[in-house]
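Colleague: Input sequences plus hints: build the corresponding full structure.
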Amino acid sequence: MTSAAFDGRRLHFLGIGGAGMSGLALVARRLGAEVTGSDRAADSPWLARLHDAGVKTRMGHDEPPPAGVELVVSSAIAEDNPELAVARAAGATVLHRGDLLGEVTALKRTIAVAGTHGKTTTAAMAALVLIEAGADPAFLIGGDLRAVKANAAWGAGEWAVVEADESDRSFLKLDREVAVVTNAELDHHATYRSLADLEGAFAEFVAPAPVAVLGPGVELAHPQTRRFGIGQGDLAAEDVRLSPAGSRFTVDGAEIALSVPGEHNVLNALAALAACQEAGVP
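Residue 137 in this note's numbering sits at position 137 of the sequence shown; the count goes up by one each step and never skips.
The reader is advised that the hints may include incorrect statements.
As the list claims (entries may be wrong) - Below, computed lysine-lysine pairings styled on DSSO-like, alpha-carbon distance capped at 30 Å:
#	residue 1	residue 2
1	Lys173	Lys56
2	Lys149	Lys56
3	Lys149	Lys173
The hints are simulated quantities; they were obtained by calculation from the structure and are not laboratory data.
Modeller: Below, the structure is given as structure tokens:
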């Protein structure tokens, strides 16, 4: 697939003000699609960025969607949403957010970050490492990358970093060259009946990826794994020093300083570093 697949497409996002949907809308716009959207939350911090990018939005879902659009929805959009109901009755194409994100990830070599906890932080850290390495990545994450004040970008480099949402199994629709699983704890009980069910989804997530980056306690079979941990794994943090202001540790002889506190953020940083090493960052 090439970016030409977006040229001339008309995409209308329901819930466009959300972190994930707004980022995907911005990237679709950058790739050449005509993008519009609607949302109930007038105070969404991402709406101003959408407007700056030329994306027209409106409040509420009472008006029918524009004629001739593909409707993009997330699992948060109920089937009785008025715009969705009108679109379905008219025979419009309805895309799940994961389907469109899958199209986007097919355009780049992709680091996809999944896991019960730490996805947003790990994906943001990985994007920042690639930016600072001069790789000019694309990224789509569920929160702001503070260094560049954005939750999404479409860089000219060959790599993309995306947050891979396992909550509705839509992460299985993504292209992924490096599949990261930070941790695995039972969550999203409407989707997963048991921890074994969740672990099965993670196993399906890593299976097609050439490389799986796995956190402590994540036991998934894969022929090419990179494991990380504190004092353990292929990429191990040593001499960890924690403080309320941040943390310091060494890895492969290099001193790392984080401005965010907590052992969990040391693990997030290790996951990001391991993934970026697989992307060619020394």
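Colleague: Does each hint fit the structure? Answer for all of them.
Modeller: Here is what the structure says about each hint:
1. Lys173 to Lys56: The hint holds at about 28 Å.
2. Lys149 to Lys56: 21 Å, holds
3. Lys149 to Lys173: 28 Å, holds
Of the numbered hints stated above, none is contradicted by the structure.
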